[in-house]
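As given, the protein sequences belong to chains A and B, one line each in that order. Numbering-wise, the first sequence is residues 1 to 159 according to the working numbering. Numbering-wise, the second sequence is residues 1001 to 1390 according to the working numbering.
Please note that the accuracy of each hint is not assured.
[As the list claims (entries may be wrong)] Facing chain A, a subset of chain B residues (Cβ under 7 Å, in silico): (1) S1034; (2) G1038; (3) D1041; (4) K1304; (5) A1347; (6) T1353; (7) V1389.
Hints in this document: simulated from the structure, not taken from any laboratory. Yeah, the Cβ is synthetic: ideal placement off N, Cα and C, and Gly gets one too.
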Amino acid sequence: MNDVFRILEQDARKTPEQIATMTGIPVSRVEEAIKKAERDRTILKYKTMLNWDKLGEKQVWALVEVRVVPQRDVGFDAIAERIYRFPEARTVYLVSGAYDLCVLVAGKTMHEVAAFISEKLAPLEGVQGTVTHFLLKTYKEDGEVIDGEEGPRRVPIMP
Amino acid sequence: MKTRTAISKRVRDIPPSGIRRFFDIIASMEGVISLGVGEPDFVTPWHIREAGIYALEKGYTSYTSNYGVLELREELARHIHRHHGLEYDPGCQLLVTVGVSEGVDLALRAILDPGDEVIITDPTYVSYRACVALAGGESVSVPTSVDHEFRVQAEDIEKRITPRTRALLIGYPSNPTGAVLDHEELLRIADVVQRHDLLVISDEVYGRLVYGVEHTCFATLPGMKERTIYLNGFSKAFAMTGWRLGYAAATEEIVEAMMKVHQYTMMCASTMAQMAAIQALREGEPHVQQMVAEYDQRRRVMVKGFNEMGLKCFEPKGAFYAFPSIESTGMTSDEFAERLLLEERVAVIPGSTFGECGEGYVRCCYATSMPEIEEALERMARFARRHQVR
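Only chain A is shown next, with the shape it has when bound in the complex (with noise of 0.2 Å):
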């Protein structure tokens, strides 16, 4: 069945007709198992993966290493719940290694990230020290090459 959550993966809008056709599960089977991981948040959403570069509209990113002091109790989960309810941080990790989180954060100017880490993020009760690294270029996203991958170029008829 996870072969159905793979083309999903690949392809949010396959329908679960194709899937089926291409799994060869029954339809009604994979119906279900959709609805299912809908409901429990196996599937959280589908979305849309964009070049906004392509669409003129810029798009500022920096990856943020955050040394904090866990927490009695809760660990590094209160600062980092305190740190991703803020929207301006798209993706937080805890991370191995000489730092602790790792956030990413998105705005529409360096100005605005900035002003973001400086006021928001790193004056946080718990957050010891931030090292900013602004992204200058996007080679590869979630597999994607944002430029496109060469195809094998081929002679269209061989026996």
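Starting from the known structure of chain A, arrange chain B on it as the hints suggest.
Same frame as chain A, now just chain B:
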């Protein structure tokens, strides 16, 4: 003034390829979706390409042993053992060839005397008949039909055996039909081979591309290892067609004979390709499985599409071809392919290209992206509706 033709009778007697003209038509058209290809639509996985680049950087640009790089042969011996449980000595029972194409040629030249007969199936991959002729042999076709979903039957083979029959040359999973022989059928064929003291050249280049069934390597059948020239390559499983790399496994006697021809005609396979192939065997498996899973999805979509538009199509269990019947349009396969290309800009290969028994069918390759397959099916459905005679 020249009075004699420059070309030998042997070559003149080989008929020109029937699909040549489709090239010219396609070259003059835009927006063609081609289901006429015969190779994966994946680029070689990056780690394999990277190994090839590294080989160049390290200066692997000289000849290798005529047999091929020993490290590759050792890796091949392990690979064959892992997949089929067969033991081949990498020192003298394995030969690295320039694609399976060269392997077929070497095998035939190594075993045939003038006038020896080789049994092939009809329809079959286009090069077999020509290679037999070039090696001085005579090919004898065994018809196959949709009744057995184009799986050759042992009794049909046996009927065509004569005192001159030297070998059976088969390629399953099949190009063009996608047919896969099942174990029982293979046992019956092995029995015929044994009783008539034949050799078998088994082209298993599509062996990794099977869907929901097991591929049986011919050499694993009882008594067959000594009689089989097992041919395989990197093209289809690892998406490495352009690297031109295959291999042959057989008895020391046969491999040595094949190597003799190979050393005087080819010297060795490309060195950097061999280095990349080592990487393919070591770490390529997850990519193979991923590609097979994708082909399987596309296969189901294509077969269902053909059946829904009235082009009856049996379920192909291997390779990446569907072989629908175009009988319902009343056209010959050649006519169908040409009109489909001109009217709907979809390229397919007429079944007759692969032998008389392919007439009434077309070969459609599903190693094409899903959106292209879906679009091609729409165009073909429109075409079929327009031309349905019954």
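| Against chain A, with CB atoms and a cut of 7 Å, does the hint on B:K1304 hold up? | holds, 5 Å
| message | Just to be careful: measuring from the Cβ of B:T1353 to every Cβ in chain A, is the smallest value less than 7 Å? | response | holds, 6 Å
| request: With chain A as the partner, please determine if B:S1034 meets the hint condition of a C-beta pair closer than 7 Å. | output: This hint holds: B:S1034 lies near chain A, its Cβ roughly 4 Å from the closest one there, short of 7 Å.
| B:V1389 as an interface hint toward chain A, with CB separation required under 7 Å | violated, 27 Å
| query | Minimum Cβ distance from B:G1038 to chain A below 7 Å? | reply | holds, 4 Å
| field | Proposed interface contact between B:A1347 and chain A, which counts if any beta carbon pair is under 7 Å | value | holds, 6 Å
| Evaluation of the interface hint that places B:D1041 against chain A, nearest CB under 7 Å | holds, 6 Å
Hint compliance for this structure: hint 7 is the single one not met.
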